[in-house]
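Q: Sequence:
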Amino acid sequence: MHKSSPDLDLLIQAARDSGDIARHYFNAAPEVWEKSGGQGPVTEADLHVNRQLEADLQAARPDYGWLSEETEDDTDRQNTDRLFVVDPIDGTRAFIEGGKDWAHSLAIVEHGIVTTGVVYLPMHDLMYTAQIGMGAYCNSERLNVTDDKPIETATALTAKPNMDPKFWATDVPACKRAFRSSLAYRLALVAQGQFDAMLTFRPTWEWDVAAGSLLVTEAGGLVTDQSGATPVFNNAHPQINGMVAAGGVHHRFIEALV
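Quick note on this note's numbering: the sequence shown kicks off at 50 and runs consecutively.
Worth double-checking, as some hints may not be accurate.
What the hints assert, rightly or not - DSS-like cross-link-like pairs, simulated, lysine-lysine; straight-line CA separation at most 27 angstroms:
#, residue 1, residue 2
1, 198, 225
2, 209, 198
3, 198, 215
4, 215, 225
5, 209, 84
6, 225, 149
7, 149, 209
Hints are computed from structural coordinates only; laboratory data are not their basis.
Model, not experiment: these values are computed from the prediction.
Throw the hints in and build the complete structure from the sequences for me.
A: Right, here's the structure in full:
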């Protein structure tokens, strides 16, 4: 049975409200800007969602810190016991191009550990939720990772550059490759058992993977950075050293090759 908590209820409502805002801009030619430093595009939808999330969540939990892709970072967040880690729209390029595979990614981190996570895809009406020790769900259906396929028939969600031999100590695994723009959605699909692994060997922003990483671990999978270490969140520079997420057998196989 899917049990809730005040924090999870708060994130679910915030995600639904975010979806209402974002749908208003979707396929409606929102204004787009390129961020500095090659960080990609941001739209007026991202900024509107961020303003609403920051106002609503911080009003509800004023003692929680705040880390968001679209808010200038304040290192005071490291002095809080708990903080929100938010990507207002993960998969902004897909959003701009009219694709539906973008998500709102909301997490609560306590002393470096993700305790509550929500990934919501408004255009698919998919609400992925997880609480530490309580399992992961999509629209109230329990999630479980896959772990019973030969690696040759497994499918990894990853960008093509991650299959470059330079990242692998031995042979590149013979698994199939698929792609989704949103890292949060990739992790949710692994948790759901729709795909078998998620790999990224680039430095990865915490807001892209915080909520999704909890989905995978609560669905019975393993999540590490590319060196095999358990990710720790709320870092001074809020990045993880890449990420590998999969069921235990596939994860151990991939880690042996990296």
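Q: The structure should be examined with respect to each hint, and the outcome stated for every one.
A: Here is how each hint holds up against the structure:
no. : hint      : verdict
1   : 198 - 225 : 12 angstroms, holds
2   : 209 - 198 : 22 angstroms, holds
3   : 198 - 215 : 26 angstroms, holds
4   : 215 - 225 : 18 angstroms, holds
5   : 209 - 84  : 23 angstroms, holds
6   : 225 - 149 : 23 angstroms, holds
7   : 149 - 209 : 21 angstroms, holds
Consistency note: the structure conflicts with none of the earlier hints.
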